[in-house]
Every structure is written in structure tokens, then in C-alpha cells.
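S.K.: Each chain is listed here by its residues.
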Amino acid sequence: MIELKNITKLYALSKVDEVRALDDVSLTVKEGEVVVLKGASGSGKSTILSLIAALSKPTSGEVVVDGKKVSKLSDNFASIFRRDSIGFIFQKYNLIPSLSVRENILLPLVPLNPHAKDAQKKLSEVMEIFHITHKADTLVKNLSGGEQQRVAIARANVNNPKIILADEPTANLDEKLSLSFIEILRELKSLNKTIIIATHDPLFFNLDFVTREIAMHNGTLQL
Amino acid sequence: MKSKINIYFIEFAINAILRQKYKSLFIAVVFVLLTFLLTSVFFITNSIKYELNSTLDSLPEILIQKTKAQRHDDINVAEVDKILAIEGVSDANARVWGYYYFENIGVYFSIVGVERFENQYKNSLSKIVDTYELDDAKNPSMVIGSGVQKSMQKSYYKEYFNFIKSDGTLKKVSIAGVFDADTNLESNDMIVMSKETAREIFHMPESSATDIVVKVANPNEVATVLAKLKLLYPESRIITKNDLKVSYQNIFNYKSGLFLALFVISLFTFFIIIYDKVSGLSSEEKREVGILKALGWRVDDILVEKFYESFLISFFSYSIGVGLAMAFVYIFQAPLLRDIFIGYSELKPSFELPFVLDVQTLFLVFFLSVPIYIAATLIPSWRIATLDADEVMR
Ligand SMILES: Nc1ncnc2c1ncn2[C@@H]1O[C@H](COP(=O)(O)OP(=O)(O)OP(=O)(O)O)[C@@H](O)[C@H]1O
Ligand SMILES: [Mg+2]
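Listed in order, the protein sequences are those of chains A and B.
Counting from 1, position 5 in the first sequence corresponds to residue 115 in our numbering; the numbering is continuous, with no gaps.
Counting from 1, position 355 in the second sequence corresponds to residue 378 in our numbering; the numbering is continuous, with no gaps.
Incorrect hints may appear among the rest.
[Unchecked claim] As a list, the in silico DSS-like pairs of lysine-lysine whose alpha-carbon atoms are at most 30 Å apart: (1) B:Lys-194 - B:Lys-177; (2) B:Lys-309 - A:Lys-178; (3) B:Lys-46 - A:Lys-251.
The set of hints was computed from the structure by calculation and includes no laboratory data.
Let the hints inform the model, and build the full structure from the sequences given.
M.R.: So this is what it looks like as C-alpha cells:
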């Protein structure tokens, strides 16, 4: 379960100027839910995701995930929390272009120093699920956009996280690929993952497996 | 904590090095150049120092040269007996030696005279006297150093050589052999022949010698013996081994001092270049650190990876630099650099730089380069890794 309690997030632009990215936001997402966060650019969608992943800290308020106050975690424990619990899918995929598909998907496991066999097993599994096995040794920079997105999804799932956070996952995909991404989400939902998607892509609106759509405006939720 | 090394980090590090081809290549080249230069100069100075010390160690404790009007003059052989009478003196030898100018090539050789039934003041000479019969008056012969042999061969003298005496006539001396002496530095330009032949070439009467060397059994007695000798020969120049050592080392230290100053400058430049390269981590690298953190890497994980990265590239470059320096100094005999350290006029002509396995230098150069480089790369990486990682979302 994910809880945001009265979150305010300010970004300093200069010594005197600041942006109120989130303004007193409270939100609870239950296990297994699929939540779509929609809203105009700058409304604060990405900020919510980064707070849940403990990539940044709220200016005030608290983020609690599975009873753990992640907004209070030290940098080290925040990393461990992400490693164990969060799979992140970014808009720009954030892959390392000069590494192969296999090497990119392996990245979240590297600090765990797994046995070669275990690592191989996990890799094959996710590559199979997300249909990228045939490109395992191709460098990411030589892949199409859709393939890169599948690598990013495989990477987000390799550590078998309970929570998947996706930030504008279809922004660089055509409609066909976007629809197949939505099918992938459906599969993930059937695996009982908690999924939060930040998007303004209308393809995500009114989907049968989405439990809630939340609109955002200027750092607040339109409930 | 697992004690096992994480080879995934190492793989990632190697990949990262190869990924940033130009940056890595640039750093490697600068690094190789610096370690190469540093190691070469240390190798050369150590090699020469070693050579100098062993040469000086084989010198007699005390040397007496007669002077006349402040210039060197021959000494009377009879003085040897007076000197032997001094308490503390264990041996004294009258030497006959001098320089011979070899016109065809324009170099000086030193001729040293020996006598079969005399105590030799140096081991190398005893060996020669035992091996060769040099004092056959009808067919005088000599043993020469390899440098001398080379020069003579250039002028097509293979079996004998014609020395030009001071009265203009020729003295034919046949070559009995080429010797390997205690050390290179002194042997290369040396010619050993009988005292009789040497005297003839130098036009020296039988009662005279070039100088007298004195052995003192107990090194603590050198000062006392020296004082007595000074009383006995107030007009002569009396030189102790220590004096020589000090003056040689002074010349040498002066030169290495100049080099040390050069080093400090080049080292400084090196670190400015490196610092400039690494401290401005490119935005791509910053993004990469952000991605890794978002994927659950801890700051420690990032630093460990960066450590491998910088260790691999710096240790690799260090090894290449040291390898090149070894080849440069010991195989190619350090062209250019060695001339700076061995002036023709101050020491003897060509000699080989002996191989001295110099672990200290290897360590010194290692500690002057590798850890400093690693620190210079880890610090900026650490600064970036500790920043909030939400930058990657933008
Ligand atoms: N690191 C930062 N420094 C300064 N301002 C920031 C930072 N991150 C976000 N902001 C600002 O906070 C506000 C919310 O940003 P956020 O990225 O959450 O919006 P978003 O809804 O994800 O927008 P988009 O649809 O464009 O991705 C914006 O005004 C943005 O400019
Ligand atoms: Mg956003």
C-alpha cells in the first residue's frame, strides 16, 4: 500500500523564486491497483512518482510504502528500497545505449552480485515475457523505439518488484506499440503488481483494468 | 556482506571505459607518458648511482699524487717503502697509468700498467694478471675493455695496436683479450698492459710512477693515516675515497635535483589535466549515475564501480608506462635521457646501464600516480552520486 500524506514539494528556481510542484497532496493506492495520473505538462505527475520511489524528498508531508516511511529513508536505504520494491519505466527509457539488451536488463541486479545461474534465469524470464529474447545481444542503440521500451519494461521487472511506476511510457511510441504496451500492463496487473502511470495519452483513459484515473492540476489532485 | 568480488561491477567498468573511447584514450596516453618518464628517470639515476657506487667502492682508500706548481707530477717509486712503514697502512702500490688520446676516433682511453708479482689494488686486475701473460718484453700485449675494442675495430686494428710514443715512434702492442671487469663504468675505456710497456708509451723512467694508492685495513684509521701522510708529503695532493665519492655524488645529485624540479612541474600539469577531465563529468555521465541510482544502485555501488573503472585504466596505463621505461632504459639504453645524466667530460665514455631491479621505484611511481588518479575520479563521482536522482525524470 502506498500512502502520500499532505505532500508539498517546492523546487527552488533561484534564491527568491520557487515552484510549488505539489501542494498538500494526499493519496492512497492499494495493493494491486492500477492508477492513471493525468494532467497537463507541469501539473506534478512526475514529481509524485519520484517521491514514491524515494528519488527525492517532499518539502513537507510523508510518503509511506508498505508501512515504511520512504520519505525519511537515508540515501542508501532509499536505493535499497528501490532495488527491492520499485520498477521504474521512464519516458526516455533511460537505457544505456552502448550496452546490450542483456546488460541493460541486468543493471538492477548488479549490486546484488547474483550467481551467474540465477541472473541468467531472471534475465531469460523477463526477456521471454516482454518478447525481447531474440535481441538479447544487440546493442540498445540499434533497437527501434518499441523494442527499447520493451527492454525498459523488462529491466523494470527483473528484480520482481511489487510496484511499477511508469512516467509517460508511450510518449515516444506510435499507436500500435502503445496499444501493445497497454496489453503488457494488463499482464502485469494480472501478476498483482501495483501500477501507477503518469501520462496525458488518451489511450489510457477508460481502460477496463485501470482502477482509478486521477486528474492533476497545478500540483493538486482533482478528486 | 559478501566477501566475493562482484565481477558484474568489473564488467560494467570495462564497458564504461570502452564506451568513452576518446576520453579513456586521452587519459591513458597522458598517464602512460607520465609514468614512463618518471620511471625512466628513476631507473637511469638508480642505475648510474649503482654503477658509481660500485666503481667508487673498488677504489683505494687513499691516493697520493705528487704535484709540482699545482700540477700533477710523477712520484718516485721508492716512496712506497716509506708509506708501508706507516702504522695502519696495510698495502701501498705505485701505479703507472694515464690517458691515451686515440686520434682516429677522438676519444681518450686510460692505460693501466700492471706487474705480475705485485699485489694488485683491485680484484679485476688480479684476475687479468693471473690469466694473461702481459710482460713478455719481445711481444708486449694488452687486455682491453669492450669500448676500446669497438673503437679499435673501427680503425681496423683487430690483433694489435700501434701506440704513438711521445718521441713520435710507434709501439706495437698485441691484443691478448677483452675483459669483463667489476663494473662497466670503469672497464669500458680501459687498457691493461705491463708497467714496462705503459712506461714506454708514456715515456716514464723506471723509478717513477703516476701515483701511489694506499690501503688502510681499518676504515677508522683512515684519518690518522691521512694526517701522517700529509706531514710526510706536504706538497702532494692526497685524496681519500670519501672525497671522490662526495664530489661525484654532488655532480649527480645536482642533475637529479634539476630533474626533480621538472617532475614536480610535470606531475602538477598531469593532475590539472586529469582533474579537468574528470571533475567536469559530462551530462551523459551524470545522467548515467542518475539512472543507476533510480535502478537501486547505492552511492557505494556507484563508487565501487567508479573505483574499478579508474583503477583499471590507471593500473593498465601504469603497467604500460613502466614496461616501456624498462625497455627504453635497459634494452635501448635510454637514448637522449642518459646523456643528460652522464656528461662525457665528467665520467667515462660509453657504458651500459646495468639492470637493477628497483622495486622501490616501482612502488614510488605507483603511489605517485594510481591512487591519486583514483581519488581524483572518485571525488566528483561521489559528489554527483549523493545528489537527488530525480534529475533523470526530466
Ligand atoms: N528538479 C526540478 N527543479 C526545478 N523545478 C522542477 C524540478 N522538477 C520539477 N520541477 C517543476 O515542478 C513542476 C512539476 O513538474 P513535473 O515534472 O512533476 O510535471 P509533470 O506533470 O510530470 O509534467 P510533464 O507532463 O511535462 O512531464 C513543473 O513546474 C516543473 O517545472
Ligand atoms: Mg513528467
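S.K.: For a C-alpha distance cap of 30 Å, please report whether Lys-194 of chain B and Lys-177 of chain B respect it.
M.R.: Cα-Cα ~19 Å, so holds.
S.K.: Run the distance test for Lys-309 of chain B versus Lys-178 of chain A: straight-line Cα separation, threshold 30 Å.
M.R.: Distance ~29 Å between Lys-309 of chain B and Lys-178 of chain A Cα, so the pair holds.
S.K.: For the pair supplied as a hint, Lys-46 of chain B and Lys-251 of chain A, is the alpha-carbon distance within the 30 Å limit?
M.R.: Within the cut-off at roughly 20 Å; holds.
Of the numbered hints listed earlier, not one is contradicted by the structure.
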